[in-house]
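*Asks:* Residue strings, one per chain:
There are 2 protein chains.
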Amino acid sequence: MSVAKAPLRRAEVIAVGSELLGSTRIDTNSLFLAERLAALGIELRSKTVVGDSRREVADHLRRALERVDLVILTGGLGPTDDDVTRDALADVVDRPLIEYPDIVERLVQRFARRGLKMPEVNRRQALVIEGGIVLDNPNGTAPGQMVEVGDRMIVLLPGPPREMKPMMEALVSGALAARVGAERLFRATLFTVGRGESHVEELAQPIYSQWLTRAEPIETTILAAPGQIELHLVMRSANETQARATLVDARDELVAALGPGVFSIDGRSMEEIVGQLLADRHLTISAAESCTGGLLMSRLTDVPGSSAYVAGGVVCYSNQLKTDLAGVPEELIAAHGAVSEPVAFALAEGVRARTGSSISVGITGIAGPTGGTPEKPVGTVAIAVASQTAPTRVSTLWLYGNRGQVKFQAAQMGLDMVRRLLLGV
Amino acid sequence: MSVAKAPLRRAEVIAVGSELLGSTRIDTNSLFLAERLAALGIELRSKTVVGDSRREVADHLRRALERVDLVILTGGLGPTDDDVTRDALADVVDRPLIEYPDIVERLVQRFARRGLKMPEVNRRQALVIEGGIVLDNPNGTAPGQMVEVGDRMIVLLPGPPREMKPMMEALVSGALAARVGAERLFRATLFTVGRGESHVEELAQPIYSQWLTRAEPIETTILAAPGQIELHLVMRSANETQARATLVDARDELVAALGPGVFSIDGRSMEEIVGQLLADRHLTISAAESCTGGLLMSRLTDVPGSSAYVAGGVVCYSNQLKTDLAGVPEELIAAHGAVSEPVAFALAEGVRARTGSSISVGITGIAGPTGGTPEKPVGTVAIAVASQTAPTRVSTLWLYGNRGQVKFQAAQMGLDMVRRLLLGV
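Keeping their order, the protein sequence lines are chains A and B. According to this note's numbering, the first sequence is numbered sequentially starting from 66. According to this note's numbering, the second sequence is numbered sequentially starting from 66.
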């Protein structure tokens with residue numbers, strides 16, 4: 066058993082779950098797995114979604130093992146009858162499942178901590194393939210497992226992302242890292258706002274196209290995500306220091322070409338970037354939101370530690386509450402309409418006065434699908450940013466998309482106006 | 066050739082394209098295909114993404130044909146070297162590709178209309194499998210194709226959704242409709258809150274397990290989604306009226322067993338259900354949110370038409386703003402702590418008084434990851450619901466998960482308390 070095993074190079078991912086085969090749900094775990102595998106230099110060759118059928122999961126696993134040396138299955142590790150992944154694995158590797166008493170004990174205790182008795186069905190989650198290694202799950206009841214069959218490796222991970230991700234991270238730095246070669250994939254990203262995909266492409270393409278002919282080429286992907294355009298740079302190398310330096314230079318070249326619309330060069334979201342700027346300056350923020358309905362504040366408070374700089378604010382959907390909660394004069398609304406720059410201005414100023422925050426945002430707009438007029442179509446949004454130290458900035462946007470997209474983009478642009486005001490750009 | 070072929074019952078979808086194997090892009094064509102197939106009574110059994118490798122596409126196609134009778138491939142029909150789907154098909158069915166002069170002619174004209182000469186590489190798009198049927202593509206250069214191999218059918222569709230969808234629609238009302246039986250799939254769903262997956266399973270399993278042995282069995286899937294447990298019922302039948310009635314009876318049996326925790330029996334979200342209850346009663350709602358940071362109000366305003374019943378509210382992250390914006394007495398916070406039932410109570414009462422809404426929610430809690438204490442660990446959330454007509458209800462929850470999950474569940478339970486109060490359950 067001391068013979069070194071061949072390095073893992075090619076992987077397939079199999080997501081198990083009938084609910085992922087309908088018209089509404091999608092497997093997103095594989096995006097995370099693709100990224101983590103790439104970091105190890107392991108190529109993801111295909112990914113499959115299969116329903117909760119023991120026979121079909123077994124067949125897909127068997128075929129995958131004929132093509133690649135690493136197969137990761139996610140999902141189907143729950144306690145119910147339709148959680149079939151463990152049994153399918155046993156069928157394929159032709160080994161028994163063994164109940165581990167210490168896993169049963171941990172499950173019993175996990176339920177007991179919430180004052181509950183472990184349902185008998187959960188005992189199934191303590192079954193581990195003979196010769197397998199148990200992967201601890203601090204965030205749920207289903208442990209993962211890993212088993213080597215000759216040079217090939219099979220990994221079973223739970224379906225819920227918050228259980229799957231930490232388990233995969235532990236594997237990436239542990240058992241998987243021990244089984245890969247010298248080359249790794251390295252990445253850099255940058256996120257922009259305020260320009261469409263084709264305009265970003267026009268500025269970026271002359272630069273990144275030159276990187277493809279290098280000895281160690283950089284591949285660039287442009288991706289339109291909600292409220293932002295992302296550029297992803299990837300290169301393969303055995304020399305980490307050199308690869309990282311090359312990617313930083315490349316990224317900086319794009320940043321210079323794209324200007325202040327670049328808001329993140331490390332994968333952080335707009336709310337994280339704005340939060341950091343506020344925290345660094347010991348400032349607080351508030352908002353008076355109409356069409357975004359609280360989304361801007363909710364996004365700011367998604368960031369751990371945001372209680373240090375988020376004061377709070379008001380949601381004023383009705384005109385009456387724009388006056389009562391944010392002090393917008395009724396005459397202003399009557400004169401300009403609720404969706405107007407003067408009202409956005411008054412919302413920002415009013416909420417700042419009432420909360421005593423250092424900076425504030427006012428947003429008013431038409432999220433749709435109804436409520437638009439020829440002059441102010443659906444997607445019209447007025448945003449103002451007020452602060453203690455700088456003149457209030459106001460702008461009007463015409464956003465595309467459905468109700469959710471208009472809300473998200475309006476919140477995104479409001480946060481971006483805060484970012485630009487704080488940076489003076 | 067006049068012998069009728071067996072009806073198509075089971076399908077797999079294979080999306081071809083290396084770009085779909087990275088960490089950013091996702092295949093969404095399969096959602097549309099799943100929906101269209103289900104409408105025909107064809108079950109989607111699995112879906113796969115595979116890169117632009119002729120050998121691997123061929124292998125996946127070959128395996129799929131061993132499992133199901135219909136395989137739909139999307140993508141890889143472009144003019145370049147890495148468009149390999151046609152060649153893979155030829156390898157699998159062992160028939161030649163034949164250049165169709167009329168397709169070449171159409172391509173030449175398509176380019177000519179834009180004043181362009183057809184690049185020679187595009188000639189590849191005129192290659193059709195021997196015995197295949199050409200599927201017209203009004204929105205692009207790549208025609209689709211369809212070929213029958215015995216009782217099985219293989220369909221090649223282009224990758225871009227605007228080219229793929231009309232082609233699939235034409236198939237659904239044409240060639241595919243001619244190959245399906247009288248049976249269709251029918252579905253029912255119900256969503257619950259307030260119980261974990263295993264407990265829902267314990268109550269539901271004795272009921273749904275009996276449906277599996279019927280002449281027309283109902284298959285039930287239990288799914289843990291954020292803030293709710295979902296039950297999905299599916300049955301196959303040739304008699305629509307009878308099937309729908311059977312599913313309604315089955316669903317009602319589960320509703321009776323699961324009790325008032327069932328909040329949706331038609332796929333609508335909690336915010337849609339609560340919105341409808343408010344709209345039906347001509348009531349308005351407000352909220353004073355601390356740990357949820359505006360998420361409850363943002364979710365309510367995700368629903369089109371919500372301006373009819375959402376008044377607005379306040380986000381009061383700091384203790385000062387709980388007092389200033391929602392009128393919570395400072396002494397109350399000092400005596401009980403910001404996360405306490407008395408403060409939740411005062412938040413709900415205070416925001417209702419200030420907004421004049423019919424009903425209101427107060428939420429205060431510890432979203433984490435820091436801020437927990439032994440008595441009030443991360444995930445502790447106090448929620449109150451006040452109204453004009455009923456006594457104020459307050460409860461304390463201990464929620465699991467990361468910051469985003471605690472926020473979502475807290476908003477979900479807040480909305481559920483509104484639902485229960487309005488329904489008197």
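Derived from the structure by calculation, the hints contain no laboratory data. Hints should not be assumed to be uniformly reliable.
Same chains, same label: a pair holds when it works inside one copy or across any pair of copies.
[Unchecked claim] Distance condition first, Cα-Cα at most 25 angstroms in a straight line; then the derived DMTMM-like pairs of lysine to aspartate or glutamate:
#1 K182 x E262
#2 K441 x E396
#3 K441 x E100
#4 K441 x E406
On a predicted model such as this, the values are computed, not experimentally measured, just so you know.
*Asks:* For each hint, tell me whether it holds in the structure or not.
*Replies:* Status of the hints after comparison with the structure:
Within a single copy, K182 and E262 get their C-alpha atoms only as close as 54 angstroms, which misses the 25 angstroms cut-off; across copies the closest is 14 angstroms, which meets it. For the homomeric pair K441 and E396, the shortest alpha-carbon distance inside one copy (19 angstroms) is at most 25 angstroms, but the shortest distance between copies (47 angstroms) is not. For the identical chains of this complex, K441 and E100 are neighbours neither inside a copy (42 angstroms) nor across copies (36 angstroms), given an alpha-carbon limit of 25 angstroms. For the homomeric pair K441 and E406, the shortest alpha-carbon distance inside one copy (12 angstroms) is at most 25 angstroms, but the shortest distance between copies (44 angstroms) is not.
Comparing the model with each numbered hint stated earlier shows that hint 3 is the single one that does not hold.
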